[in-house]
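K.L.:
Sequence:
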Amino acid sequence: VAIKKIHIQGPNRKEVTVNEIMVVKRYRSPSVVNYLDRRELLGEELWLVVEYMDGGTFSDVIRKTFLSEDHIAAISWECLQGLDFLHSNNVIHRDVKSDNIVLRTDGSVKLTPHLSTQLNSEQSRLCLVVGIPWWMAPEVATGQPYGPKVDIWSFGIVGIEMLEKEPPYWDQSHASPYHMPTNSILRKHFPLATVGTPKLQHPKLLLALLRDFLSWCLQRDEEQCWSTKELLQ
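By UniProt numbering, the letter at position 210 of the sequence shown is numbered 210, and the numbering carries on one by one without gaps.
Take the hints with a grain of salt, since some may be wrong.
Cross-link-like lysine to any residue pairs, in silico, SDA-like; alpha carbons within 25 Å at most [as the list claims (entries may be wrong)]: (1) K64 to W77; (2) K64 to L210; (3) K4 to R26; (4) K64 to Y52; (5) K25 to N89; (6) K64 to S29; (7) K25 to S227; (8) K5 to W77; (9) K5 to E44; (10) K199 to D221; (11) K4 to R28; (12) K165 to W77; (13) K4 to S29; (14) K165 to N90; (15) K204 to M162; (16) K4 to F66; (17) K229 to Q201; (18) K165 to Q144; (19) K64 to D221.
Pairwise CB distance ranges (calculated) [said to hold, decoys possible]: (20) Q144 to S108: 20 to 26 Å; (21) W47 to G107: 26 to 32 Å; (22) T142 to L206: 27 to 33 Å; (23) D221 to H7: 33 to 39 Å.
I should point out that these hints are in silico values taken from the structure, not numbers from a laboratory.
The C-beta atom is built at its ideal place from N, Cα and C for all residues, glycine as well.
Could you put together the complete structure from these sequences and hints?
P.N.:
Take a look at the structure:
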């Protein structure tokens, strides 16, 4: 097992975080990291006992390793299996990025569902802005109600990251990637909040199927964005 430490600020944030953890603990999938137990707060920290993944985060692999289109397809399949499992249980991940994809040395790939939340029977959309701006779907960044397909957009950004080593517009903002800006700052400094679908640097070098896959993920119109089940077909 491994110990994951989460910094908590205030009793409300503790309650929200515990609720997020319980959502994930309730469901088990071979494509999602399992939460096994939690420990009480130590100061402002919550300690979680989680499944150990000895290969580290996918972000490290992306920055150090060339990924062929076959590698990208295999990793995408595993991640989409995890997202499909969550979405089938009305759970939105809300923070899909390469740092939240983890590996084992045997080649297995899993999602770490740190900010997951479950929709209830009276709720089909969320409005809370969560996640990291570079991977954030436009409707989240602009404060619009959103559903599970925001995870598909974020995974499309991971797809670009696999090809180009970093998400679009990474060098165009001085904001910290780990500091959550306000909606006004998002609109001003993060182009994905207001412009169209991000462009690939070298699209002609890719197979048409991979270009199409990214296009199906990165639709600003939620109705045009493919679901996990459609992408897995």
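K.L.:
A separate judgement is required for each hint: does it hold in the structure or not?
P.N.:
Here is how each hint holds up against the structure:
no.	hint	verdict
1	K64 to W77	holds (21 Å)
2	K64 to L210	holds (21 Å)
3	K4 to R26	holds (18 Å)
4	K64 to Y52	holds (22 Å)
5	K25 to N89	holds (12 Å)
6	K64 to S29	violated (28 Å)
7	K25 to S227	holds (24 Å)
8	K5 to W77	violated (29 Å)
9	K5 to E44	holds (10 Å)
10	K199 to D221	holds (17 Å)
11	K4 to R28	holds (18 Å)
12	K165 to W77	holds (19 Å)
13	K4 to S29	holds (19 Å)
14	K165 to N90	violated (31 Å)
15	K204 to M162	holds (16 Å)
16	K4 to F66	violated (29 Å)
17	K229 to Q201	violated (28 Å)
18	K165 to Q144	violated (29 Å)
19	K64 to D221	violated (34 Å)
20	Q144 to S108: 20 to 26 Å	violated (35 Å)
21	W47 to G107: 26 to 32 Å	holds (29 Å)
22	T142 to L206: 27 to 33 Å	holds (29 Å)
23	D221 to H7: 33 to 39 Å	holds (36 Å)
Of the numbered hints given earlier, the model fails hints 6, 8, 14, 16, 17, 18, 19 and 20; all others are met.
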